[in-house]
Amino acid sequence: MTKPTKIAIAVVKNGDRFLVGQRSQDQVLAGLWEFPGGKIEAGESDLEAAVRECFEETGVTVAAVGRYMTVEYSYKHGDLQLNFMACEPKPTACAPNQPFCWVDREQLAELSFPEANAVIVEQLRSHRDIVQPIHA
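Each residue of the sequence shown is one higher than the one before, starting from 48 at the first, in our numbering.
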């Protein structure tokens, strides 16, 4: 059995809005919406990866403030371990790069996310988003 690819996902919350983007038509899971994120690199923590990936994909600088959950999911294209990190934009954060944008909590239900995101999206949408604090 192969180890799942470890992915860090930045769930960036600004007030009651979340940073999401739509996957391009040439990507796996084309057209679906997602939170910024990507593979955790060697020697990097899940928190560091979430912050790095968010900036690389969106241009928005964030601080990781906690963890939501870890979800393991198998797609046809591979097995993933999704580490959902709670992040907040830093005061100097700018507007996100396309295709990312800020959406209200209620709008999350109107967007199609990958199946592996179902649990976190439902928790965020229904105000049950519980963040585990980071311990130094």
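Misleading hints may appear alongside valid ones.
Said to hold, decoys possible - Now the in silico label distances, taken between C-beta atoms and shown as ranges:
no.: 1; residue 1: Pro146; residue 2: Thr108; range: 14 to 20 Å
no.: 2; residue 1: Val178; residue 2: Glu153; range: 18 to 24 Å
no.: 3; residue 1: Ala77; residue 2: Pro138; range: 16 to 22 Å
no.: 4; residue 1: Ala77; residue 2: Ala110; range: 28 to 34 Å
no.: 5; residue 1: Ile181; residue 2: Thr49; range: 28 to 34 Å
no.: 6; residue 1: Gly113; residue 2: Asp73; range: 20 to 26 Å
no.: 7; residue 1: Ile181; residue 2: Ser71; range: 31 to 37 Å
Hint data in this document are derived by calculation from the structure and do not stem from the laboratory.
As the structure is a prediction and not an experimental result, all values here were calculated from the model.
Note that CB positions come from ideal geometry on N, CA and C, so glycine has one too.
Checked hints:
1. Checked against the hint of 14 to 20 Å, the pair Pro146 and Thr108 passes, with Cβ atoms roughly 19 Å apart.
2. Roughly 20 Å separates the CB atoms of Val178 and Glu153, a value that falls within the hinted 18 to 24 Å.
3. Distance hint for Ala77 and Pro138: a CB-CB separation of about 35 Å, inconsistent with the stated range 16 to 22 Å.
4. At about 31 Å, the CB distance of Ala77 to Ala110 agrees with the hint of 28 to 34 Å.
5. Look at Ile181 against Thr49: about 30 Å separates their beta carbons, and that is inside 28 to 34 Å.
6. A C-beta distance of roughly 34 Å is found between Gly113 and Asp73, which places it outside the suggested range of 20 to 26 Å.
7. The beta-carbon spacing between Ile181 and Ser71, approximately 32 Å, falls within the hinted interval of 31 to 37 Å.
Checked against the numbered hints above, the structure breaks hints 3, 6 and satisfies the rest.
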